[in-house]
Structure formats: structure tokens, C-alpha cells
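From the two separate chains plus the hints, produce the assembled complex.
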Amino acid sequence: MSEFYHASRPAPSRGDGAAGAPRGASGTRGRLGAMARFHARVGVRLALRILAPSLAILFALYFILRPEFFVYLAGVILGDSGPLARGAFAALTATVAARAAAARVCAGLGGWMRHLPSSAALTRRMAVLAIAVAEAPVIVILAGFAAVSARSASASLPADLAGFAALAPAAAIAAVRTRNRAPRAVLGFAGAALCASGRWLLLAAGLVLAVAAERIAGPVRGPKRKNSVFDGRHALGLPAAIARRAVGKAIAVPYLIGAAVLALAAAFLANNPLPPATAGAAARLGGALALTAFLAAASSLLAARRPPWPLERSWPRSARARVATDALLLSVPAAALLAPLAAVNPGAIPIVAALLPAAGLRAAAAVRLDRELRFGAWGLVLGEGALASAALTFTPWAAAILLAAAVPALELAARAERRQKVSRWLELHHLSAGDPLSWSEG
Amino acid sequence: MISFESVAFAYRASEPVFERLALEIGPGLTLVLGVNGSGKSTLLKLAAGVERPDTGTVTVGGFDLWTDEIAARRGLAYVPEFPDLTPYATIREICDYVARLRREPAAAGREALERVGLGPYAHRSVRELSMGQKRRATFAAAWIGTPSHILLDEPLEALDRKVREAALDWIFGLAAAGSTVVVVSHEIEPFAARAERAVGLVLGRPAAVVPLPSDAAARAGLLESLARGD
Numbered sequence: 009m010s011e012f013y014h015a016s017r018p019a020p021s022r023g024d025g026a027a028g029a030p031r032g033a034s035g036t037r038g039r040l041g042a043m044a045r046f047h048a049r050v051g052v053r054l055a056l057r058i059l060a061p062s063l064a065i066l067f068a069l070y071f072i073l074r075p076e077f078f079v080y081l082a083g084v085i086l087g088d089s090g091p092l093a094r095g096a097f098a099a100l101t102a103t104v105a106a107r108a109a110a111a112r113v114c115a116g117l118g119g120w121m122r123h124l125p126s127s128a129a130l131t132r133r134m135a136v137l138a139i140a141v142a143e144a145p146v147i148v149i150l151a152g153f154a155a156v157s158a159r160s161a162s163a164s165l166p167a168d169l170a171g172f173a174a175l176a177p178a179a180a181i182a183a184v185r186t187r188n189r190a191p192r193a194v195l196g197f198a199g200a201a202l203c204a205s206g207r208w209l210l211l212a213a214g215l216v217l218a219v220a221a222e223r224i225a226g227p228v229r230g231p232k233r234k235n236s237v238f239d240g241r242h243a244l245g246l247p248a249a250i251a252r253r254a255v256g257k258a259i260a261v262p263y264l265i266g267a268a269v270l271a272l273a274a275a276f277l278a279n280n281p282l283p284p285a286t287a288g289a290a291a292r293l294g295g296a297l298a299l300t301a302f303l304a305a306a307s308s309l310l311a312a313r314r315p316p317w318p319l320e321r322s323w324p325r326s327a328r329a330r331v332a333t334d335a336l337l338l339s340v341p342a343a344a345l346l347a348p349l350a351a352v353n354p355g356a357i358p359i360v361a362a363l364l365p366a367a368g369l370r371a372a373a374a375v376r377l378d379r380e381l382r383f384g385a386w387g388l389v390l391g392e393g394a395l396a397s398a399a400l401t402f403t404p405w406a407a408a409i410l411l412a413a414a415v416p417a418l419e420l421a422a423r424a425e426r427r428q429k430v431s432r433w434l435e436l437h438h439l440s441a442g443d444p445l446s447w448s449e450g
Numbered sequence: 021m022i023s024f025e026s027v028a029f030a031y032r033a034s035e036p037v038f039e040r041l042a043l044e045i046g047p048g049l050t051l052v053l054g055v056n057g058s059g060k061s062t063l064l065k066l067a068a069g070v071e072r073p074d075t076g077t078v079t080v081g082g083f084d085l086w087t088d089e090i091a092a093r094r095g096l097a098y099v100p101e102f103p104d105l106t107p108y109a110t111i112r113e114i115c116d117y118v119a120r121l122r123r124e125p126a127a128a129g130r131e132a133l134e135r136v137g138l139g140p141y142a143h144r145s146v147r148e149l150s151m152g153q154k155r156r157a158t159f160a161a162a163w164i165g166t167p168s169h170i171l172l173d174e175p176l177e178a179l180d181r182k183v184r185e186a187a188l189d190w191i192f193g194l195a196a197a198g199s200t201v202v203v204v205s206h207e208i209e210p211f212a213a214r215a216e217r218a219v220g221l222v223l224g225r226p227a228a229v230v231p232l233p234s235d236a237a238a239r240a241g242l243l244e245s246l247a248r249g250d
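Going line by line, the protein sequences match chains A and B.
Mapping to this note's numbering: the first sequence position 366 is 374, numbers consecutive.
Mapping to this note's numbering: the second sequence position 188 is 208, numbers consecutive.
Since the hints were derived computationally from the structure, they do not count as laboratory data.
Where is the CB? At the ideal position from N, CA and C, for every residue including glycine.
Keep in mind that a hint or two might mislead.
Now the stretches of chain B that chain A is said to cover, found in silico as 3 or more residues with beta-carbon under 8 Å [as the list claims (entries may be wrong)]:
1. 64-71
2. 79-90
3. 101-107
4. 111-120
Only chain B is shown next, with the shape it has when bound in the complex (with noise of 0.2 Å):
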């Protein structure tokens, strides 16, 4: 479970991006939804403990992201849409490090980089590899261990058909198994059959919070009409 509690952020005070939200994301899929600039990244990201709410609480899995910082990402992954990976270490020595951030064997970093393909590639940096390599690695980072959390920031983009299908597998696994996964994507497509719920954003508000129905063009136009901000 994650939730939102009275949570007020703005990267410019004059300009904020959420005032008062209230949310809770339960267990299985869910797909964020809404129009470019309605704060879907930044929902995300207050979910990931990337940034903190000026006012208000966020917790994941009954822990506060500030207060018990440990806690609440030791089963937190999250993928952001643009792979930010310093070039200071290669991908192996960050993959190492996220599995031992997470209490996992140091081979699981090496595992995932193998699983996503990045094997030969583990001892260059972020600058010597590709826009797609790059989403793999944040992707590698994200496989290491069993988290329960997911955070996901359009996760299909740049991948190839295989790391895609796989990528694929990994989301809809983990949210059988009963694990919160959050997807923020403009390609509905893949996730429309198996997402269990929707979130609507319009300017910083959840405009809908639905269960989505059964029926698959029923789904299907609700789902569009999130996307589009209606």
C-alpha cells in the first residue's frame, strides 16, 4: 500500500504541482494516467522518495519515506523515465551496491545485469552505453531482490522486444504475487488486460480513482479518456 496523505509539493512555490493530495494505491496494477504535465512523474517520484512534499506524509507499506527512511525503500523499486545513472561507476559497481542497499547476495547484482543483457557490458559506465542499455541498467537495478513497491515511469520506452517482454513478465508476476505496482505510461496498450485500477490526473488532481471494469472495450475507453485528461 502506498498513500498520500495531505501532500502539498511544488518545484517553484508559485507554481505548485499538488495542493492537499489524497491517495491510496493498493495491491496489483495500477496505471497512472493523464495528459502531458499533470504530475504523473511527480507522483511517482513523491512515491519513490526522490522528492519530499513540502507538507503532508507519503507512506509505503506503513512506513514514512522521511522519517523511517530504511524502511520504507528496502522494498521499493523504482524505474524513472529518464535513466539517470551516474558516470562515475560502472553499472556492475551500482548494481553491486543496490544489492547490498537491499540485504541481497552481491551475485543478485550481477544476475539481473545478466538478465536484462547488460552481462558483457557491466564494466562500462551510463556514458558507453545506449538510450536503450541505459533503461535496462535503471531496469537490472530495479529486478534485484523481491520488492514489494514498484515504481514505474513509462518502463516500455526504449526497450527491445525481448527486454520488453520480459520487463512484461516481471510487472505482471509481481503484481499476481500481490506486490503494489504503479505504471505511468502513455502506452496503455500493454497494460489495459492485467491493471486493476486507474488513476486519473488532471492538474495535480486525482480526478478518478476506479477499478476498471471487466469488460474490454468497456475498459478500454475508460482508460482513454483518463489518458486524455477527460
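One chain only, chain A, in its complex shape (with noise of 0.2 Å):
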């Protein structure tokens, strides 16, 4: 069942004025400036959250690639292409962050928020501000690239820029979340694509679009609440089925950054002529560095999804049953990736597949702290992982060593598990799914 706000409210006489709000031209503009700030600032707090990987990742690109390499970049997806299919380039760009801030924004304005006196046009305008804000590094990234691309005659950078600033608010309402979902989509899509088109008249038109949109939107809905349907099975135990159920597809990714990087271990192998024994090291290393990559997107998504429970801590069972039960859960999936190193070098499973035991541990500890590490639990898994995983290349014998290392593994793991403060406050930045306090929430 969808939450609508202010569904049932009826609409204000004039503008967005409520009963109990201050009557007057400066009270009604103070309660607007006050929202509009509020708003404002929630899109810049998810901006930074975007920019912060937007920027290390183009920094990243920029020092790998050369400036060359996205100068011709922009000049294809930009300047060469003709100007609805660059307009449709960026506004499938812009709508892409803009839903992942509007899921955030929208989920904001349910509960407590829709006692305040707002109207239902009032407060979708809100979260289209909010919206707007947060996806505004990647407007300016797609700008940059406009202003770098090779131009074609007929376009003209004044429009670029004033399309990329009309794109922002029309790519939010194509992505906030209303009521009347298909057609608010629709226009607001086809008007962020011709206000990103590069021309004065496309970009007029696609003003009209978004107004147009933003106008038959409705209210804002909430997240749908889901009925808990599980599928009753328990084959390790009511544990085992809680961190399935909480990871849920989200598995996928783990498995497509594993393969990624044994799809890399085996282009390496395919493309160059090695002697077996190289061979054989290039292989150990593709397929060590899979399972710690593996290993690592896992724990990191487990400790997201699933956050410590406190009361579950004052039942009988030990810190160690719960610790081994997250390595079981972590590294029998894991082992699936050993399956295609059969095609590249079956000699390497036996001495890759040692790394798992102490492995998993490692990342069921790390899911216990990783809070507490700069770089997360995935920081750490991937860190020890990339040591491991050298051992094993020069080293095969290590794997014997690696085997033992199982057993201060469960060690050091049930005592990260025990020392765990459960009920500290941390602050989460939107990551409700981590949160124990936001689960009785929709």
C-alpha cells in the first residue's frame, strides 16, 4: 500500500497558505524561505555524497585516461551527436542521480513532516529544490563537458549552460516520486532531454514540458510499504536466513566485481604467451584477488543491510557460533567464483580455495567493524586479501598457512563480535537499511 501526502488535504485558498499559518505577505515568505532552506540543505548534504565518489572517480579517469581522452569523450556523447540524442544522453544522466536523491527525499517527507502546514504543491516543489540540489555535481560535470566538447555550428555554449541549469529542476520532477507517476515521468524526461539539447528554442519548449509536468504531478508519495513474505527457509538456522533475507539481490554485485576481475585474470592469460609456472602465478593471483574482491562487496553490503542486533546478543548463543555463521554465509557463495577458474587453470583451486576459511572470518570480523574503520569493512577485507593473495601467487605452500590462520581467524573475529558496542549512536547518513532504529519504519 503507497503512502500519498496530503492527499486528502484540501487546497489553500492562495499560494501555499494553510490554516494556522502566519497570515501576512512576510510571514507566508519567511515560512518559504525557512522551507526552501531546509530543503536546500538536504540537497547539498546528498550532493556531497555524490560528489565526493563523482569527483575521485573523475579524478581517477583524468590521471588513467588523459585530458585528451575526455575531450574526445565529450565531443562524441556532446558535440557530434545531433542535439536530441545529446539532450537524451543528459537527461538520462541527470534523471539517474536525481532518482537515487529523490528516494532519499521523498522518504523524508512521510511521518512526522506532514503535520506541518504545507500543501501538497508546496511540498512536491520542495523536494523537486532538494532533488534539484543534490544531483547538481552531475550537472556540472556534463557542463564541463559541454564546454570542452568539439561544437557544432548550429549550438551555442550560452544555451548549453542555461540548458544544463533548466536541467537540473526538470530531471527532479522526472524523478520525484508522485502520484501520477507515467505522465510526470514522461514530460519531465522529454523536457530535461530538450532543455540539455543545446538549442534556445528546444530549450524552450522543454521548460514548458517540465512546468507542464511539474503541474499534473501530485502529491508526493512515500516508499511502498511491502508485506514480509519469506520463503520459510532455514537450512543454517533462523541467522543464516535473516542475512540471505537482508542482502537479498543486492548479491549480484559481489558476484558481477568477482567475475569482473577473473574476466581480467583471464584476458591477462589469453593475451600474453606465459611460461606454466607464470602462468599458473597470474592465475593463483586473478582468482585469489576474485574471492577477496568477492569477500570484500559482501561484507561490506552485509554489515550495511544487517546491523548488529542488541537484543539477539542477550540470547544463548556464542560469539563465535555467530561469528562462523556470517563466514559460512560469506564464503560458500564465494566459492562459486573458483568455478570458472576451472576454465583458466584447474591447478590453481585447490591452493585458491585455502584462502577461503580464514578469509570469510576476516570478513565476518570486519562486518563487526565496520563502523569503527576508515575504510570500512571492505577496506580491511580487501587490504588482508591483497597480502593473502600475493602469498599465494609466490607462494603456493602458503595456502597451508593460510588453512591454520583459520584458527586465530575465529578467534579475533568472536572477540570483534563481543566487543561490538550495539547500542551506540553513530550517525548513518541516509543509510536507513543499516540502521536498527529506522526497521520498524516502511
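As C-alpha cells, then:
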């Protein structure tokens, strides 16, 4: 069942006025200003979360691929293509960013916020403001691309920059969660694409479509409240089922990362004639790094989606049992990555597999240490796993040491489990999935 | 018996909640009182094995909570202030799991849910329950088996009258049978007549651990002053 905010609230007679609101133009302006500042700050906080990784990726690519590549890329996507194609590309990029922000912004407009004096239209416009601010980093990057791209004769830089300024609210309208979803999304996206086309006439048409989309959008809609339908499978007990349900389909991400590492190793081996010993070492490195990458991503996912459950710690189950279950849950799915390794170098499988018990237990410990570590669970697993992978690459007999290391790894993981401060308040930056206080919310 | 020996605990190193806390809580009903932020709920979390002391030991029934983890927790029932049940399991699954951990028959979990009136909602997760129902679900988990050490943090909050009466009967029954029952509550009146002792906490220090006088007026006055942190 969906929640519709302000759906049954009668429309105010003038502007955004509501019963009990301050009367007079100055009161209304003050209230509007306060709301706009509040939602703009929400957008800025979200923008910083988008900005940091976007800039990090951009700088990394810049130093790897050099400026010439960016000029070429900008020319391909924004300069050489037709106005509608470049507009569609820019609109798609901005809408994807806007959708990520919209999920958080609209969820924050539920509950207590609903009793504040605001109309449905004003709430929607404030949500659009927050989303538009949140996607600003992406828009700035796109505008930068437009500035360096080879310009076609009929496009102008001022039209481009004006278009990108209009793209932010248009994409926000396309992404905001409202009742009249389909017409609002279609008109909003079309408006965003026309705004980013780089032509004045199309920009004007885009603005008209965006305004029309905003007018027909309807009230903001909260997240869908799903009934919990569980499969009832407890092959490894309820704790394992809880972890499996918490991670859900997102387990595909660690698999994709692990498979990408394996694919790189396979491509390296296929394109470089190497002596058997070197090829074996490269296969071991690729396999071990693939398992490490899987465990790093999966442990990070588990730490975020299944936070510590304080009440469970009062029940008669040992810390060792809790971490051993998690280690099993992390390392058994990781073992599936050994199957493709057979096609690359079957001899590497037993050596690489020896990494799993200790690495799985370290990943289980990392889940417990996630919030204390600067780089989270993935940083710990990736760092230690890279060292272990290097050891397996150069000295295959290190497999025996790694197998034996499972014993102290179990003790270390159990220690990490015991010394967690599970009821300490921590800021989670909108990651409500990992916040036990948000468990009972939609 | 629940014992705290030289217990130190801090959520953040710079803000200790307890420093060298020494406290013994024997059988019967004990009220833990104090103003907000005095460490009442943290005391219960330490006794329940939810939080581990930074230094010192906590023993329950003679077993160390962190070296004899299972033995210490087998007779322990804890009802937290916030009903933090995982949303990734139905309340029936959770109660069945607790029954198995406490070595009780599988039916014990279902019976506990029936007892708190959640039988028809057993297939739901905590997300689909009201606050009062969530509180009842945590009570159901506590009611499984015959616990010897019961820790209750604001136990009557959000309960309807029927479940509230059942909860009070359960608490008083266990206390009379010799179990160690520790209650943290700002609502003193329902427990005042049956409590055997009270612990008053002021900024993480037990300002008073006192047997309660039999005279009703004196008892009420003492509890009131401890609750106000006087």
C-alpha cells in the first residue's frame, strides 16, 4: 500500500497558505524561505554524498586516461551527436542521479513532516528543489563536458549552459516520487532532454514540458510499504536466513565484481604467452583477488544491511557461533567463483580455495568492525586479502599457512563480535537499511 | 544473583557511563531508579550481555557473561526499552528460534505469542506491527521457558491493560518464585508494593542500594526520592 502525502488535504485558497499559518505576505515569505533553506540543505548533504565519489572517479580516470580522452569523449556524447541525442544522454544521466536522491528526499517527507503547514504542491516543489540541488555535481560535470566539447555550428555555449541549469529541475521533476507517475515521468524526461539539447528553441519547449509535468505530478508519494513474505527456508538456521534476506538480490554486485576480476585475469592469460609456472602464478593471483573482491563487497553489504541486533546478544548463543555463521554465509557463495577459474587454470583451484576459511572469518570480523574502520569492512578485507593473494601467487605453499590461520581468525572475529558497542548512536548518513532504529519504519 | 565487579563502560571513551561499578542484585524484585541519562538502561544492557564492559566482569547466576556466554544467558530474559526485533524474520520465526536456543519445545514459542495475543499476527514481521504489538512480541520472547534472571526496561510502556496485567502477574510470580527480576521504570506505582529493594543511580554511580521499608508511605517516599535522583 502506498502512502500519499497530503492527498486528502484541501488546496489552500491562496498560494501555499494553510490553516494556522502566519498571516500576511511577510509571514508567508518567511515560511517559504525557511522551507526552501531546509530542503536546499537536504539537497546539499545528498550532493556531497554524490560529489565525493563522482570527483574521485573523475580524477582517477583523468590521471589514467589523460585530458585528450575527455575531450574526445565530450565530443562524442555532447558535440558530434544531434541535439536530441545529446539531450537524451544528458537527461538520462541527470535523471539517474535524481532518482537516487529522490528515494531519500521523498522518504524523508513522510511521517512527522506531514503535520507541518504546507500544501501538496509546495511540498512537491520543495522536494524538487532538494533533488535538483542534490544532482548539481552531475550537472556541473555535464556542463564541463559541454564546455570542452567540439561545438557544432548551430549550438551555442550560452544555450548549453542555460539548458544545463534548466536540466537540474527538469530531471528532478522526472524523478520525484508522486502519485501521477507515468505522465509526470514522461513529460519531465522529455522536458529534460529538450532543455539539454543546446538549442534555444528546444530549451523553451523543454521548459514548457517540465512546468506541465510539475503541474500534473500530484502529491508526493512515500516509499511502498511491502508486506514481509519470507520463504521460510532455514537450512543454516534463522541467523543465516536473516542475513540472506537482508542482502537479497544485491548479492549480484559482489558476484559481478568478482567475475570482473576473474575476466581480467583470463584476458591477461589469453593475450600473453607465459611459461606454465608464471601462468599458474597469474591464475592464482586472479583467483585469490576475485575471492577477495567478492568478500570485500559482500561483507560491506552485510554490514550495511544487517546491523547488529542488540536483543539477540542476550540470547544463549556464543559469539563464535555468530561469526562462524557469517563466515560460512560469506565464503560458501564466494566459492562459486572457483568454478570459472577451472577454465583458466584448474591447478590453481585448491591453492586459491585455501584462502576461503580464514578470509571468510576475517570478512565476518570486518562486518563487526565496519563502523570503526576508516575504509569500512571492504577496506579491511581488501587490504588483508591482497596480501594473502600476493603470498599465494609467489609461494603456493602459503595455502597451508592460510588454512591454519583460520583458527586465530575465528578467535579474532569472536573478539570483534563481543566488543562491539551495539547500542551506541552512530550517524549513518541516510543509510536507513543499516539503522536498527529505522527497522520498524517503512 | 547478578554481580557487577569493577565494571567500567563508556559508549565513547571520553564519556564514561560507569567507572568501577560494584553491585550485587539478589533474588526478588529490584527497581532501578534515577533520572534520564543516569545509566539505568545501560546497566540492564550490561546485565543482559548486550554490551560488554570495557573492564570488569558481569556474572549472571555465577556464570561470566563473556566467558561462559551460553550458560550465563540460558536463564536470562531481557525486554529492552526499544523493541528491536529484526525485520527480516516473522515474529513466529523469532520466537521459535528463542525457544530452540533456550532448549524449550518448539510449541513454546507459539504459546508465548498466543499468550500476548499475537497468535493471529505470528506470520508478520516487526514492520507490520504497531508499537504496542512490537512490545508484546519482545515480551513473548521473554516469556519462553522459565527464566531465572529477568531484566525489564520500561516494561509497561505501550502495553494495553490486558497485557499489562498479564505482564505484572508474570513479573510478580517469577519474583515470588525466587527469580532475580530487575525493573527499570519511571512508572513506580505498579511495582512499589512488591519490590524488595531499589537501586538509585546518579550519573552512573549507585547512590543507594536499599531494602525497602514495609510502611507504604515511607516506601513510596523513598522510591520517589531515588527516582528524582535526590
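Status of the hints after comparison with the structure:
| no. | hint | verdict |
| --- | --- | --- |
| 1 | 64-71 | holds (count 5) |
| 2 | 79-90 | holds (count 3) |
| 3 | 101-107 | holds (count 6) |
| 4 | 111-120 | holds (count 5) |
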